[in-house]
Amino acid sequence: MKNWNIQNRILFLALLPGIIVSLVLGTFFITERARDLGDLLEQRTLAMAKQLAPTCEYGVMTGSVGILQNIANNMLEEIDVRAVTLYNQDMQTLAHAGPRMLTERFGSAELKADQLQLMRTDGSLRARAPIFSQNLIIADQLSEQFYAQKNGQQQLLGWAEVELSGANTKLNQYQHIASSLSIIVSVLILCTVLALRISKQVSQPMGVIVDAIDDMKDGKLETRVHIENGGEFQALASGINAMASALQRANTEHQQNLEQATHDLQETLDELEIRNRELTLGRKEAIEASRMKSEFLANVSHEIRTPLNGILGFSELLGRTQVSERQNDYLQTIRKSSDDLLNIINDILDLSKIDAGKLIIEHTPFNLRDVIEDALQVLAPEAVGKRLELNQIIESNVPLAVCGDPLRLKQVITNLVNNAIKFTEYGSVTVKTSLISQKDHRASLQFEIRDTGLGLSPEKQEKLFQAFSQADASVARQFGGTGLGLIISKALVEAMHGDIRVESREGFGSSFFFNIDIQIDQDSTTNNLAPLDISIAVIDPKQAATTDLLTLLTSWQVDHHYYPTIPQVVDRINSGEKYDLILCAIDHEKLDDDALALLNALKDTQVPVVALVNSVSHEDLDMLKKLGANEALSRPVTQRKLHAALSELVADESQILTLTDPTEEHSPGRVPPCILAVDDNHANLKLVVTLLREMGIQVYSAMTGSEAIAQIDQHPIEMVFMDIQMPNMSGTEATEHIRRMPGKAALPIIALTAHAMADEKQALLKSGMNDYQTKPITQEQLAKCVERWTGYRAPINTLIRVVKHERSREIASEKSICREIFNADMALHHANNNIELAVDMFQMLLDSLDNERANIVAYWEEEALDELLEAVHRMHGATRYCGTPCLRLELETFESALKANEFAKLPEQMRRLVTELDKLQEWVKANDWSELLRNHTTINANA
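Per our numbering, the very first residue in the sequence shown carries number 12; after that it's consecutive.
Bear in mind the hints are in silico, worked out from the structure with no lab data behind them. These numbers were taken from a predicted model, which means no experiment stands behind them. C-beta: ideal position from N, C-alpha, C; glycine also. Among these hints, one or two may not hold up.
[To be verified] Capping the alpha-carbon separation at 30 Å, the derived lysine-lysine pairs in DSS-like fashion look like this:
1. Lys589 with Lys652
2. Lys397 with Lys652
3. Lys553 with Lys421
4. Lys697 with Lys589
5. Lys443 with Lys637
6. Lys652 with Lys443
7. Lys123 with Lys181
8. Lys471 with Lys652
9. Lys450 with Lys777
10. Lys614 with Lys637
11. Lys433 with Lys443
[As the list claims (entries may be wrong)] For each label pair, taking beta carbons as the anchor points, the in silico distance ranges come out as:
12. Met303 with Gly802: 48 to 58 Å
13. Val32 with Asn179: 24 to 34 Å
14. His726 with Ser522: 49 to 59 Å
15. Gln533 with Gln343: 17 to 27 Å
16. Gly802 with Glu473: 30 to 40 Å
17. Lys295 with Lys228: 39 to 49 Å
18. Ala911 with Glu873: 15 to 25 Å
19. Glu406 with Gly802: 21 to 31 Å
When you get a sec, could you build the whole thing from the sequences and use the hints?
Have a look at this one:
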């Protein structure tokens with residue numbers, strides 16, 4: 012109704028009262044007339060019954076049926092009379108005229124005046140009147156004479172019942188309704204015609220005015236309103252015309268002013284255009300300078316890494332030879348300086364990534380406690396060297412199974428804790444983790460790094476999070492550092508949807524807080540350590556340092572009791588208290604006589620003792636074992652080391668790992684699993700199968716997704732290493748099919764991919780895979796992955812070929828040797844120093860090179876990009892294990908460009924790939940690569 016036009020409103024206001032009045036009055040009169048007709052029929056029925064009763068008195072009294080029948084027949088001649096029945100006082104019919112009386116829906120009798128009874132049916136009214144003997148007296152003699160008795164008593168002789176039909180009454184009611192409705196409709200039609208004429212007289216002038224206003228709104232200010240009617244509409248039209256004239260004059264003046272302003276503005280714009288061109292040129296120069304700076308930093312950092320990795324690697328090798336004490340000190344200085352330089356280079360690279368906006372935050376499941384403990388383990392030697400207590404506190408309500416970027420989180424914690432240790436001369440450094448809030452599978456966590464160091468003034472705090480700056484210039488001279496750690500930490504925290512702040516008082520230490528929003532891992536794929544049904548006594552004079560240890564024991568369902576001193580424990584044991592183990596914290600300052608006395612006191616209790624000492628020296632740990640401790644661990648201790656130590660000490664003799672035969676060092680009670688390896692590249696498949704079999708694992712292999720499904724259906728497979736890009740059926744399609752197989756929903760499936768970017772890794776996990784590994788994969792990585800998902804720990808003697816430090820050095824320097832056509836060290840490393848396997852891998856690459864090259868060229872010429880991507884990915888996967896860094900780099904770059912649809916780069920990448928293939932084939936023809944591999948002295952062999 013709000014959007015009605017004026018004509019509809021007038022019609023509505025004119026017709027609504029008439030309709031309402033007509034309906035109300037019509038309904039009232041029709042109802043009243045119908046009620047009156049019904050009452051009239053009722054009155055007639057009662058009157059006829061009342062008149063009929065005295066008439067039948069004589070006939071009933073004398074029993075003259077003929078007279079009564081004659082009276083009944085005469086009554087039928089009355090209008091609407093349907094039937095008449097006369098009864099004696101026992102309700103026996105004396106006479107009846109007309110059809111049988113209606114009984115459908117016969118209602119109860121209504122008692123009226125003079126003992127009349129009224130009864131209703133669907134189609135009639137029935138009245139019953141009593142017949143009394145008060146009017147006539149009949150003589151006993153047999154004569155015709157009779158006389159009236161006056162003031163005699165009434166005597167009931169019988170009943171007279173009359174039924175009247177309601178058909179005529181209903182007909183009259185319907186006729187009345189029809190006539191009333193005809194009158195109402197006629198009146199409404201007349202009102203509608205009048206309302207239309209009136210509304211038209213109002214709406215037509217209004218429409219003319221509205222059309223004129225619309226024309227004015229469209230800019231036709233010369234429009235005028237012309238209305239023939241007088242009155243208010245004529246006055247309104249005159250006002251609108253006057254307004255239009257005024258607007259036309261104002262618009263003309265405005266147009267003239269606008270043209271003048273436009274002319275002035277054009278002159279100003281010309282001046283601004285000149286200045287903007289100067290600013291744009293300056294901005295481009297600034298951006299180019301910034302880009303060149305970032306590129307320069309990255310290039311210089313990479314170039315420095317090459318000789319630096321050589322220094323680190325060969326200083327490590329030199330340290331394993333026979334050197335004097337002075338030479339060993341020199342080597343330690345070289346290592347320390349090289350590590351510091353490497354950290355600075357890493358900071359510069361991280362900063363350049365942040366400036367370029369290329370920082371990627373991963374999203375993988377991990378255990379929060381493991382990340383914190385790993386960070387503290389790296390920094391523990393420095394804290395111990397400064398005699399600082401390094402404590403961690405993880406509150407019990409903090410979710411440990413989370414999804415995020417463990418590497419970046421560890422980097423932030425490491426930076427902050429490293430700073431705290433650097434600027435603290437005595438006291439302690441504490442890392443506390445607490446839960447702020449938790450909602451919808453997400454948690455907000457707060458990390459606090461608190462130290463008792465120098466502290467900061469408010470002025471110095473303002474400079475903390477600025478690049479290449481420190482709170483005090485003298486700090487850099489005294490403690491070193493580039494000033495990049497905090498700005499990198501701030502950028503990483505903000506990338507994880509958090510914030511970082513500091514609270515400090517000069518001379519009273521500092522507390523750095525950072526909050527992150529992180530997803531809780533509902534699947535909880537991280538390793539949860541099994542509960543321990545044991546009782547432990549914990550001894551530590553410093554209760555604050557034991558808070559996290561007690562929380563950890565509680566999470567393992569360990570029955571533990573805390574004591575500040577050893578005599579208290581001894582007294583409790585002597586009084587009958589039973590403990591399976593004793594955890595005793597010992598200060599490394601008391602490792603001589605005091606430690607001997609303490610351990611001797613505990614040794615008398617005949618309870619196994621695990622000593623926790625704030626030292627990372629193997630000599631200190633060995634000394635504690637010699638003094639009587641069953642096991643000695645460095646503090647801060649990781650949960651897995653502590654759990655393993657407690658489990659070994661309380662295990663049965665049949666489950667304790669022996670040290671005489673390292674080939675039997677498997678996980679307790681865990682037999683080697685049955686694993687399926689799937690890869691369409693024969694060389695890659697052979698490598699994975701060989702490395703797994705060297706670990707004592709039963710391995711099945713498949714080269715297609717359909718073969719993998721068949722193998723899983725035929726054999727009791729406990730874990731799958733799945734390649735992603737395969738012909739016919741990809742790894743993700745095979746995984747989806749496996750998940751639908753009965754009992755295979757929880758089968759661990761690990762993706763093996765040669766090149767997985769961050770978004771691709773997330774897609775792999777969402778497709779149903781439990782984890783992913785990037786090629787090339789080492790035997791150590793395979794062993795850790797198998798242990799994580801099956802609980803099987805590979806024998807030690809199968810993993811000793813690759814030295815950990817040298818492996819990390821080689822991985823770090825892979826890009827620095829990317830200019831080499833063939834690198835024997837890399838080939839041997841990826842083959843786990845198995846020369847025969849390395850030879851076979853490279854030979855299989857050479858055998859497939861011509862065919863794969865032809866396919867790539869053919870797909871390029873046909874512009875079949877999907878097939879080209881599959882072929883490039885297949886060759887890329889093969890080169891990751893064969894020591895061809897330059898070819899591998901070109902394939903990786905080409906694959907990335909294909910995935911990112913960077914079509915402009917594809918021709919140049921294709922040209923460079925063909926060039927590298929030619930170089931490799933020419934090098935193979937000119938060199939005896941097999942003999943080179945067999946005669947090559949590897950770093951692992953020297954070790």
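Practice task
Kindly confirm whether 24 to 34 Å is satisfied by the beta carbon distance between Val32 and Asn179.
Solution key: holds, 32 Å
Problem - Given hint Lys589 paired with Lys697 - CA-CA distance at most 30 Å - result: violated, 55 Å
Problem - Pair hint outcome, Lys397 versus Lys652 [Cα-Cα no greater than 30 Å] - result: The hint holds at about 24 Å.
Problem - Given pair status - Lys637, Lys614, alpha carbons within 30 Å - result: holds, 12 Å
Exercise for the section: Decide if the proposed pair is consistent with the structure: Lys443 and Lys637, CA atoms, cutoff 30 Å inclusive. Expected result: violated, 34 Å
Practice task
Would you mind confirming whether the straight-line C-alpha gap from Lys652 to Lys443 stays at or under 30 Å?
Solution key: holds, 21 Å
Practice task
Can you let me know if the beta-carbon spacing of Gln533 and Gln343 is within 17 to 27 Å?
Solution key: At roughly 47 Å between Cβ atoms, Gln343 and Gln533 fall outside 17 to 27 Å, so the hint is violated.
Practice task
Mind checking the alpha carbons of Lys123 and Lys181 for me, to see if they're no more than 30 Å apart?
Solution key: Holds, because 23 Å separates the two Cα atoms, which is no more than 30 Å.
Exercise for the section: Mind checking the hinted window 30 to 40 Å against the Cβ distance between Gly802 and Glu473? Expected result: violated, 52 Å
Practice task
Return holds or violated for the Cβ distance of Lys295 and Lys228 against the range 39 to 49 Å.
Solution key: holds, 47 Å
Exercise for the section: Confirm or reject the claim that His726 and Ser522 have a C-beta distance inside 49 to 59 Å. Expected result: Cβ of His726 to Cβ of Ser522: about 57 Å, so the range 49 to 59 Å holds.
Handout entry: Holds or violated: Lys433 to Lys443, with C-alpha atoms at most 30 Å apart
Key = Given pair Lys433, Lys443 holds - Cα atoms ~18 Å apart, limit 30 Å.
Violation of the numbered hints given earlier is confined to hints 4, 5, 8, 15, 16; the remaining hints are satisfied by the structure.
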